[in-house]
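*Asks:* Given only the sequences and the hints, what does the whole structure look like? Please build it.
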Amino acid sequence: MSSPTSTPTDLLRQALTAARAGDRPKARALLQEATKLEPRNEAAWRWLAGLADSPVDAVAALERAVALNPNNDKAKAALRETRLSGGIAAAKAKDIPTARRLLRAAVADDPNSEQGWLWMAAVCDSPTEALTYLHRVLALNPSNSAAKKGVEYYQAKLKKAGGVAPAVSTSGVVQAFDATRPSDGPGSGSGVGSSLRLGSGQQPARRLLVVDESRTNRKLIAMTAAGDGMKVAEAADATEAAHRILEDGPPDLIVVDAALPGTDGYEFCKMIRANPTTKQVPVVLMAGRDGLRDKIRGAVAGVSAAVAKPIDPDELMGAVRSCLAAEPAPTA
Amino acid sequence: MTATENPPRPDEPGRVPDPAPPLDTRPWQSALAGLLAKLEHYRAEMVGRRLGADAGWLLERAEAMVLAAEDLARESAFPAKLAVAEAEAVARAGLFVAAAHGIRDGLKRGLFRTVLTALSRAAVPSAAPAVRHALEAAGEALNGYFTLFTERYPSSLSARGWVDAASAFLADYRQLVRGLPE
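Residue numbers (the working numbering), protein chains in the order written: chain A, 1042 to 1373; chain B, 89 to 270.
It is possible that part of the hints are untrue.
In silico SDA-like cross-links for lysine to any residue, where the CA-CA straight-line distance does not exceed 25 Å [what the hints assert, rightly or not]:
(1) A/Lys1067 - A/Ser1047
(2) B/Lys169 - A/Glu1083
(3) B/Lys126 - A/Ala1300
(4) B/Lys196 - B/His221
Just so you know, these hints were derived from the structure itself, not from any lab.
*Replies:* Structure follows, in structure tokens:
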């Protein structure tokens, strides 16, 4: 299956390839090996649970995942569902100890699970205990016909045996199954937000204005331009760009998306060319297609250079550098 | 997404020792910018799609995004201390792929079932919630790779531009997935 020197990452990559090819048994075997080598990979346990060939195995994998990260609500929800379905499957397969263990955990997870209590009644030791669970079901749903039939059946069985049926109270069961559940902690948000101010600060930096509705594109252009020591201002549309220019003065170069909302990139470029303070500013246009029509539209609008989308940052910066090389360097 | 989130783990056998921190981060920055440009292009194409009607298409796009990140991870050399983060990212990618393939298998069977249920006038269960769940898993996988990529920078200062851009992308992606109509 794998070479003796395979790392968990190698095994996971092979499992990924197998999963993409639809080979579940191979993916499962590789994941089992990977989790043996690295048992602290929570996502690998969750993945293994999804590929498990029995609900019992799935529960075991999910229990590992939840133990590693008790705050993972998705894993906890999956565990709840799988415990119940696994318990029912085990009960149907007459594996009573497994059924009891899984169902007990399922009703502890969700004390309002009618199905969970009903199946608990089916796999418990005594009619008295079964009646307690069935009354719990009826407390949740008085019209549950399976529970009603079950109560009749077990009461008759108890009478026959000379026993006494328990009172219709569920408090004992509630206490018995009020297992302590791990409380949800604060969400482990993985936001990576931070503010960014670019520029080398050693010599007058070239100032770029990036006009693009996509925040990601603006940030990635800022990130790439920062490598060249440029300062970047951002605007989401033509109006915001105009405000930027009014506040900060004309930039050394403008990078604009052709598909801006409202005034599009071509119209914006025409406005730049029509304004005496900005008419000399080079404009690099990012167009959706690399077609002749767009080139003609760009030339008519007065675009200095155009690059196709999706952006190739190196190509874009090449265009920016070429345009700036043709312009005099800033003096301030 | 900081360098301090993962506790130190013992090095795995067979991994190369940590190389000296690279002095020039520009090639790495450029590779990440290229990846992010591609991901943003895919994300923008997903805007306006419907979870039910476009389920297959959306899942294909999300898979292309995750595999683009996986390709970059596979082609890049990471120091041994990032082995855990790398394995976590690949496992998250696997979780997404498993979910996406499960839905696709269901969609293949769906046509026959739709005809049957239409004949029996029964309600057709919607795949939309499962598709949204799978797209969220793709976001988790991308976040895993982004964390790994961030930690390859020699310092948090040198990673700031990338962190800013990656954060913006993830926020927009999650917002898009939350808002996709059924």
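*Asks:* Each hint: holds or not?
*Replies:* Consistency of the hints with the structure:
1. A/Lys1067 - A/Ser1047: 15 Å, holds
2. B/Lys169 - A/Glu1083: Holds: B/Lys169 and A/Glu1083 sit about 18 Å apart, inside 25 Å.
3. B/Lys126 - A/Ala1300: Satisfied, since the Cα-Cα distance of roughly 17 Å is no more than 25 Å.
4. B/Lys196 - B/His221: 19 Å, holds
Consistency with the previously given hints is maintained throughout, with no hint failing.
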